Structures are given as C-alpha cells and as structure tokens.
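S.K.: Listed here are the chains, written in short residue letters.
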Amino acid sequence: MIPNLRHPRTYVSLLVLSLLVLVPLAFNSPFVYHLFVLICVYGALATAWNLVGGYAGQMSLGHAVFYGVGSYTAVLMTINFGVSPWIGMFVGAAVSAVLAVAISYPTLRLRGPFFALVTIAMLEVVKLLVVHQGNWTGGSAGLSVPLNIGLPWMIFREKLPYLLIAFGFLLATLWVAWYVRQSRLGFYLVAVREREDAAQAVGVNTTRVKIIAAVISAILTSMVGSFHAMYLTFIEPSAAFSLELSIQVAMFALIGGLGSVAGPLAGTVLVLPVAELARGWLSSLGSGTHGFIYGVILVVVVLTMPRGIVGQFGNRVRGLVDRLPRLGTITEPKVTSQLHHVARPPQGEPILKAEHLKKNFGGLKATDDVSLTLHSGEILGVIGPNGAGKTTVFNQLSGFIRPDSGSVTIAGDGGGWLSPASPNAFARAGVGRTFQIAQPFSGLSVLENIMLGAFMHTKSRAEAEQIAREVADLTDLSALLGTEAKSMTVGGLKRLEVARALATRPKVLLLDEVMAGLNPSDVEKAIAMVRRIRDSGVSVLLIEHLMQATMALSDRILVIHTGQVLTSGSPQEVVTNTEVIQAYLGKGYESAKPGAGGSERQDRATKTDAIRVQDGKGYQSAQSA
Amino acid sequence: MKTFARKCLSLCAGFGMSLIAAGSVAAADLKVGALYPFSGGLALLGNESYRGLELAVEERNAAGGINGQKIALVKADAVDANQAVGEARRLTSVEGVSAIFGSYSSALAFAATQVTELAGVPYFELGAVSDSVTGRGYKYVFRSNPTAKNFAEGMVDAVTHVIAPALKVDPKSLKIAIIHEDSLYGTTISGFQKEKAARDGLNVVEILPYSAKTVDLSSLILRLKGAKADVVMQTSYQNDTILFFNQAKAAGFKPKALIGAGGGYSMADTATALGETLNGAFNVDFTQYETREEGAPGLKSFVALYTKRYGTAPRSGHSLTNYVGAKAFLDVLAAAGSTDKDKIRGAVMAYKKPVGSTASGWGFEFGEDGQNRQAKANLMQWQNGKLVTVFPKEVAVSEPVVGR
Amino acid sequence: MDIFLQLIVNGLLLGGAYAIISIGLTLIFGVVRVVNFAHGELLMIGMYAVFLASQQLGWHPYVSAIPVALMLFVTGAVIQRFVIQPLLKADPHIQIFATVGVSTALLNLGLLIFGADVRQISPGFGAESFQLGELSIVSGQLVTFLMAIALVGGLHVFLQRTYVGRAFRAVSQHRYAASLMGVNVDRMYVYAFGLGAACVGLAAALLSTQYPVFPTVGSYFTLTAFVVVVLGGMGSLYGALIGALLIGLVDSLAGYYISPDLKEVVYFVIFILILVVRPTGLLGLGRGSE
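As you go down the protein sequences, you meet chains A, B and C in turn.
Read the first sequence against my numbering and you will find it ends at 625, with the numbers running on by one and no gaps.
Read the second sequence against my numbering and you will find it ends at 404, with the numbers running on by one and no gaps.
Read the third sequence against my numbering and you will find it ends at 290, with the numbers running on by one and no gaps.
Simulated from the structure, these hints should not be mistaken for laboratory data.
A portion of the hints provided could be inaccurate.
What the hints assert, rightly or not - Distance ranges between label pairs, derived from CB positions:
1. C/Phe4 - B/Arg199: 35 to 45 Å
2. B/Pro392 - C/Gln131: 39 to 49 Å
3. A/Asp369 - C/Phe4: 27 to 37 Å
4. C/Leu57 - B/Glu58: 51 to 61 Å
5. A/Leu147 - B/Pro392: 32 to 42 Å
Computed from a predicted structure; not experimentally measured.
For each residue, glycine too, the CB sits at the ideal point set by N, CA and C.
Take the sequences, apply the hints, and build the full model.
M.R.: In structure tokens form, the structure reads like this:
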C-alpha cells in the first residue's frame, strides 16, 4: 500500500513533489500560488485521465464531464442544502461514478477515434442539458459560490490553504495512479489495452477492468472538480463542461508520457506555466499569437517525442536516480514457493466435454455436430486439413466463440460440471489457451507477461512473480525473463504463449499450433515441454500441423473434416485410416505416394499436410499463418 | 526535421524574451490592468472595447497623466472564467496594478472580481451587462455602463412607447416573440424581458432560445412565422444575427418590428454583411455614433480620435462606452490622489456628473453597490446603413420608422 | 402541412451543406485512417480565401471554387506530408493530438491575420431565394445540395475508374498489401489528404454565399461533420451523404417541433446511439470498434 520510502526513486519523487509547495512559499506571491494551485489541479486531472487514457488506452476527450459534475454537485449542495463541499465532493464523486458506468459500459468496444468522438458527444449532451435545465442548474448564467470563508467551505482569503488542499488532491491522485500501476489491476489494464483477446485468455474480465478504471478516474476527476469550483468561486456550463479543458488535460498527459505514473504531472509542470505566462507576454502582440505558438509547439512536441517526456528521458532520469543510495538496509520481501496445485480428477477421468457443437458462419457450417472428451492427464491431438474447422472448435472450447447449439462443460473442483459463459470465465474454470498467432503484451517484459497469467489466482505481486519464475523454468524462459516481449524470436514467443497460459494454473491447456514456424531444435524443445506439462498433471489438447510432433506426443488423435469428427483413436489407428487419407488427398488416393498428383478437389495445403503425415519431416517448411 | 523543430523552439523562446523586455515599464508609471477576451470567440468585441480604454488612457497621458504619473496599461487576455481568475491574479500580484479595467464579458467579470475583491484591488467594469456583477455586495467593484435589465426594459419600452404608437395600435394587441442565444448574455436579457413584458401586460407568444453556434435558424423562423409574431426581440451575437436576417429574408418572414439587444445588432460589420436587409431593425444598446451631439458632447471628437488612431471608424459602440467609462474612472483615480482602495471608493462615491455631459450622453452617480445610476441604453434604428438614435428625444437624431 | 414540407426541404438543403463538408472528412478517414480534427480550420482557410478573392479581385465565390480547392489540396498535402506521415505508425492518440495542434495553430493564425471580425460576401446569385409554389428555396443552398450529390458521384467514379482511385481503395483496405502491389502508399496518403482538403475548399466556396467567415467558423461545422460521418459510416461517401441529409432533417424538425436549443442534443444522442449500437455507422466498412 505504501511505496518503499527507502528506495531512491521514492524519496527523490517526494522531494521533487514538495517543491510544488516550497517554491510558492519562497516567492510568496498570489500569482505564483495561483500558478501552482493550477499545476496541482491540472496535474491531478491529467493523472486521473491517464488511468483511462493511458493505462486502459481509452482516449477520452470528454473527461470534463466528470469535472463538471463534481463542480456542479458540490456547488449545488452548498447553495441549496448548506452542505460543506468536503461532503458534497463525495456526493459528486458518487454521481460521477454512476455516470462513468453509464457512459463506459455501452461504449467499451469502441476504440481510438471512435471512443474519443463518443466522449465528446456525451460531454456536449450533458453541457446542453445543464444549460437547458436552467431552473436548478442556473443555466448558462452559471452559479456563484457563496463566499463563506473558512475551512468547512473550502474558501479562504489566503492562498496557502488552497495550495495545500490542491497539493493534497494531487498526492492522493498520484498515489492512486501509482498503486493501480503496480497492482494486478494495472497489469490487467495494460493487457486489455494491448490485446483484449489474450487478456481474456488469462482470465481477465476486460469489461470489468475497463469500467473499474473509468470509475476510479471519474471519481478522482470529479473530486478535483469540486475543489476547483470552490477555488474559482464561480462556475458556468461552458467552462465546467469544456471540450478545451478535456483536450488540455489529455494533452498534458500525452506530452508527459501516457501510461506512466509521473508523466501527466511532468507534462503539466512543463506546459502549464509556459502557457499561462505566454498568454500574458504575447497578448500585446496581437490576439491569437499565444494560441498559435501553443498549437505549433503541440505539433512539434508530438512530432519530436511521441512517447512524451517520460518516454524520452524517463530511463535516463531513472538511471541517475537509481545511483543514489538506498536508505537503510535492503529488505526484499520473502515469498515462499506457492505454486499450489489445483485439485484434479484422477488419471483418466473426463475433464472437459464438448457435446454436439454446431456453429454456422453465414451459410458455412464451420462446426457440424462435434463432440469430444478430454481426459485427465492425456494429450489429445486434433488434426484435419486446412479449413476443416479445427480453430473454430478450439475457440468454442475456450469460450471465444459461442456455439449455436451444443455445450462445453468443464469438471469443477467440487465434482460438478461448469459451463462458463465468457472467455475469461473459461480461463477461470481452468481452461488455458494459446493463440495461433502469438499475442505477447509487447510493452511488458517476459516476466510481466507470465505474471499476467499468474494474477488469476493471486492479487499479490510477489506471489505472481514467484509463480511466473516457476513457470518460466518449465518453459525454458528463465534466461529471458528481463527482455521485452517484442524483441523475442518466434520460438520464444510461442513458449511465452504457453507459459502465460500455464501460469493461470489450468486443468486443461489448449495449444494452437505452438510448433508452427519453429526450427527443428526448437521443435524438440517444445515436444519435451509439452510432455513436462502433461507430467505436471495438466491435460493438453493440441492442434498441430506438424504430424511428427502430433504423432509423437498424442495419446489420442481426433480428426476433423468439413466441420465434423471424421474419426478418433490412437495415432497408429488414425494414420492407417483410409477415410483420413481420403480426406487429406481426395478419393482414389488411398494408397497415394508422396508427391503424387491430385484431383481438382484438393488444394496445395492438404497435399503438403498429407505428405507430412507420410514422411514426417515436413515441419521444416511448415507454414506460419 | 529535428533541427527545424529546434529552430522553431529557439525562435519562440527568443520571441518571448524580447516581449518580457518590452513589457517592462518605468517604475514611476501608474500601472493599471486591462482584462479583456483578446482571443477566442469573444475576441472581436473584446478588442473593440479595449480600444476605448486605450484611447482614454492615451488621451490622459498626453494631458499629463494622473497627478504627474503616466498610466501604463498592462494587457491581460482571458477567454474563459478560469483564465480570468489566473490573469486577475497575475495582474494583482505579479504586475502589481493599482486597478483593473475590464472586461466586456460578464462571465469574465464575475470570475475576475472574485479575485480583485479578495486582493483589495479596485475593479472598474466598463462593458459587462449582467446585473449581478455589481449585485453581490462587493466594495471595490464599480461599473460605469448600463445593465442587462436596462437593456431588456429599454426593448420592452420600445414596444409600448415607440412601436405601438407608430403603428397606432394598443401595445397589448401586438404578438411579441423573444428569441435569444442561450449563453449568459441572451439568457439574462431575455429573462428580464419576460418579466417586464408580463408586468406591462404584453402578449408574448414565443420564447425561443438557440445556440449562437448554430448554422441554421430556419426552423425557428418557421415557428415565428407560424405564431404570426408582430414584434421580435432578439438577443444575439454577430454570426447568429446575420444568419437570422438572411434566413428570415429567404423564408419571407417580415415582422412589423425587430429589436436587437446590442451585440450583433450594433456592429458595423453586421451592416456591411447584411446591407439593405438590416435597415429598419431597432436596437437597444450603449450609445452609438449617430446620436445628437447636444445630448452627448465630445462624441464627434471621439470618433475623430478613433479614426485617426485605428484607421477605421469605430466598429461598434463598445469603444465609446469603454472610453467614457474609463475617462470617468481615470478622473476618479486622479481625485483619489492615491492608490489606496478605500480612498478610491470614496472618490467613486463622490464622483457625480449630470446626464448629457459625457460623450455617451450618460451622467455619473454611483450607488452603494458600485453601479452607475445615470447610465442608460438608448433605442436606435438602422436607417440607410446607419445606426441612428431614435429614442429618447433628447439624443435622437431621427424619427423612428415602423411598419414599412 | 405547408410548414412540414418547408421543414423537410430546409432540412434536406441544410443536409447538402453538411454533406459537402463531411465528404472530405470521410475521404481522409477512409483512406488515411486519421480523424482530422483540423477539418473545420481548413474550411476557415478556404472561406477566407474565397472572401479575399471576392473582395480584392471581385470574383464570385463559385468562380474561386477551383483555385481555392487547389490551394487547399496543397495545404492538405503539406499537413499530411509533414505532420501525419511521420506519425502513421504511432498510436491513434498521437495522431488526434497532432491534428488538434494543427487546428489550434490555424485557428489562431486566422485570428492573428484577419482579427475576429465577421466578414460576409454579398455575391448576388447564391444568396437570394426563389419561390417554388408555397416553398421558398435559397439558390445557394440548392446549388450546394446539387454539388454535394455531384461530388459524391464524381468521387465514386474516380475511386472506381482511375488508377489513383483504385490505389486509394487498395490502401484503405490493406496498407501493407497495397504496398506489395507496387502502390506508393505514402504518396497515396498525401493525395488522399489533399483531395479531402480540396473538397473542403469546394465546400468553402459554396458556403461563402450563405455564411459569413470568421476565425472560429470551422468549429460551428466540425462537430456536426463528425456526427454525420460517424452516422453514415467512417470512410463511406454515400454514408456521409445520407448521414448529412438525415442530420439536416433532424436539425430542421427538432428545431421546430422540440426546441431550437435542444436540436444539438437530439442529434448528439442519435450519434451516441449509433456508435453504441452500430459503431460502423449506416454504411460503414466494419471498422468501428477497431
């Protein structure tokens, strides 16, 4: 809960932050106070915005709506009911929280510019309604705060109390931002921002995570808004629900560096004083001069350092700061190995059952009455020609596609059967999966990627890290833990996929072509890895084009063809099954030799697959989808 | 690209530096702040208002300043309330001004006066019309110009005293429509219109607010047409005034009389943009230039001064209003003989001028709330491309023409 | 009934004005995949150019349409080349802010050069109205409406029949695949942005007969243009046309039957609903939730 004060980064940050109070004290001029109150207010707003805009990657340009709701609620409560803004701001925060849910729930699936536009529209609607509801909002005439001086009313003659309160809000907001960033929620937000599917596969309820971020951000924004209204002592709709304010706040965060804790404040400290002073200096030069220069600077900053100040200089600063001594002795938290194994049914019992799955895409019957059972401790290979519907079945088994009819059930811990409703529920029920095209969270390190999976069963960062290290051991990734996921090789990425799924401690692991595109030595490693996984008690279902690997690994093989189960049995039975050869090569090729010509029905891919079945070496040229 | 960016930045920085140097003034000067919206949507009239203040100050400086001190104007640009607070803080603390003049916009005045009152710096409002600027019990906020209530009542009085008599009908038989842009300005004035019209027993058939940012008023016009409005009172900015006239003409809507509440109706640019179409429209506003000189001594010389200084005729009465107000308050500062806030308040309270003695025709006499009681809005009409004063008689230069 | 008919006509004609502005926006979005927040300021530049041509050279706005469109083509191309191009691979956030920066700079540049004065051209043809039975119609609005339809048709032919047009479509469908087919993607982006801006130039000339010009004139139209484009489906030309006509009708009818100050609320609510229910818009290309 509390940052480690002995760490140089923490105490340096606090020292730097204290300047926000010390500098105005030194100058002791009301304008300097005003400037620093503004820095604190905008810094807090930008930090709060960053929770949604930076962490969750949802570009809100209507954040002033929460600021305005906070302002209006606090002021209206003061005027109408004589309630202190200290209480009113919590009422405002509650209203904003409800509004945040109402706004974000329906708009969750919107991204980038679309989300930005819808937030702008929401802001406009609320503003127009506030203007229209003049009988209780004061309409466009705005509301004046009664000037009752004193702490209960948040109104003071001197500027110092304002500064201290604003600074308090800033500290609180920064603390929340820091706490979220290093918590499980922070990891989940990054995961959701980068790859929603992969996040769901490790049990992240993406809807919930996004809404939580929106609500926290709205509450903070709203409370700062309440304070700022008391500071301005006058509010009106066009200033409180202002698009310019929303853009400005987002811009500070962007210039500072999205997604970092310090970025938004850094951006505010750099830009705001310049903008405020420039308005004074430049207005004598003709109207619009400062606005013009402001716009030009914005463009130049965006072009020269798109990752913001923190992205540009963060590492250098951190390096310098880290050279400072730690205060006192280093006490690393000790975590004992806690990879507690989940209870599994005894060997050979059914653990996952799919019954009569049907799925149509338009007129195409992608899955036509597929049933399968996976048993505890077995490796089930699923093969079939390209386009046979393997991946569709796979996606139904992991909840990413809902079958039109039929059911997927998973053995629960208590002996019953679960039928989860969403991908993340599948993950939490014990189904881990990988993606055919690796989906690493490229901004995170390998360790952090695996931790994302581990977080499914623990909130503790230390414990998640411990689990991740153990899983890394199992998947040959220990040496790569510190590297960024985006700089990994294909083999590494595929193993990372497996590791992340494994870290959720699944009962069942679904592997989608984890060996495609690997070189021979990596394939050997992968085969050994899958065996180790099975031996650790996890049942494995694997889709694979590498016949050699499938044959070598699988206890049982299921052949899917045109959306139906063609046959199933031991590897040997399947290879010699004439129907299977027909399916791969077409009729008349029951005794086909490798390299034989094909009928018009076949395509190249099925041919190569069949060749692989026979010569068992085709994996070197295996395709990458 | 990088080096280009760096050049740009250094250029900007250099720019800023030279400005700081230029902004500094000799220590002996009397610094006063000028807080107006110089950029953003209100920039046009903000600038026009400032010119009046600037002329008054220049004139005073040419005549020796205030008790031997030259007056130095410190400009401050505030587009919204938040910026007004910031700029007022800057003026009062960093620049250390003795008083602040402002601000054209009531929203800015509200925000800025909250700061100046607590800082104990006198604030002289020269143009914002919202009544509550001086209605909040502040000791050091003074206003020279008439208020929204004066405007609204002037417009309703125009119906009873000018339009109905000219049409030879009972004012109560006229169907009146009130349309207004829905920000502070329009809402405030239309509110007072409603009150006054109800008090006078007039028949208001439509009250239609609209956003000044709209690009289409044709539906509103159809509603006015449907309601068969005889008199339309519009409170509007410039763009929506132009839009309304153009679209009313296109829709063939011709009420017996149109009355504006200053804003867009007073601007010379509106007349340029609309040409003939604007002729016949009434307007209640601060004193404009086609006013009888006997009732407003010094008006001609103001116009001459303005034209000489800026190369064009005044774009609206805002400059005159600010000029007259600023002159009065500069007299006050001279009479106070000090920058002490209570001495200045004393001097304001003691300052009196009879009606008809200033270039706008106003007199001066301040109430306890700091409001000038002797300022009023006149009724004007656009006749042959000129905004001429038609009522009251003392300052009128022409007869009102109704129902052409 | 007469009033209703007049409202419909007014709405459709107003829709024509919205359409002519939105076409450029949707074109730029469709090809470059950038939401151009500086769109309104391009309109402002165009309208000032038209105004100057009328004042200095005595050109009728319709005459200056072509030169102004060319001028804006260059402006748009420059913005694309020097501001958007370096950011193509960056986060959408960054692109949005780049265009916001351009918008702020241009708006204030307008203020700096021209001051805040409201200027209007009195062009004669284009500003007057005529009667059609009971209906009154402004000639300039009718011209704008017809031009909007012609522009959509023309662009459709351009996109289907010419090399550059086909290249636009290829680039918009798959940037990388198009580059493999030998399309110079960067150049296509510059052309597309320029073309989108040129459409705004045309819009500026057409609207100058009815609307005055001032530095913030763009902001009066931009939000509506966004609503129109999202409603019709980002990137869809016909969508923009239909969206614009719908919003025009909503504007006209809501302004009459509800209240003039609530008409924005009505179409913003429609906008939000569309984004929530069908983010691809009426005729969108299925990329709404991306």
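S.K.: Next, verify each hint and record whether it holds.
M.R.: Against the structure, the hints come out as follows:
no. : hint                            : in the structure
1   : C/Phe4 - B/Arg199: 35 to 45 Å   : 37 Å, holds
2   : B/Pro392 - C/Gln131: 39 to 49 Å : 41 Å, holds
3   : A/Asp369 - C/Phe4: 27 to 37 Å   : 57 Å, violated
4   : C/Leu57 - B/Glu58: 51 to 61 Å   : 37 Å, violated
5   : A/Leu147 - B/Pro392: 32 to 42 Å : 39 Å, holds
Hint check: violations occur at hints 3, 4; the rest are consistent with the structure.
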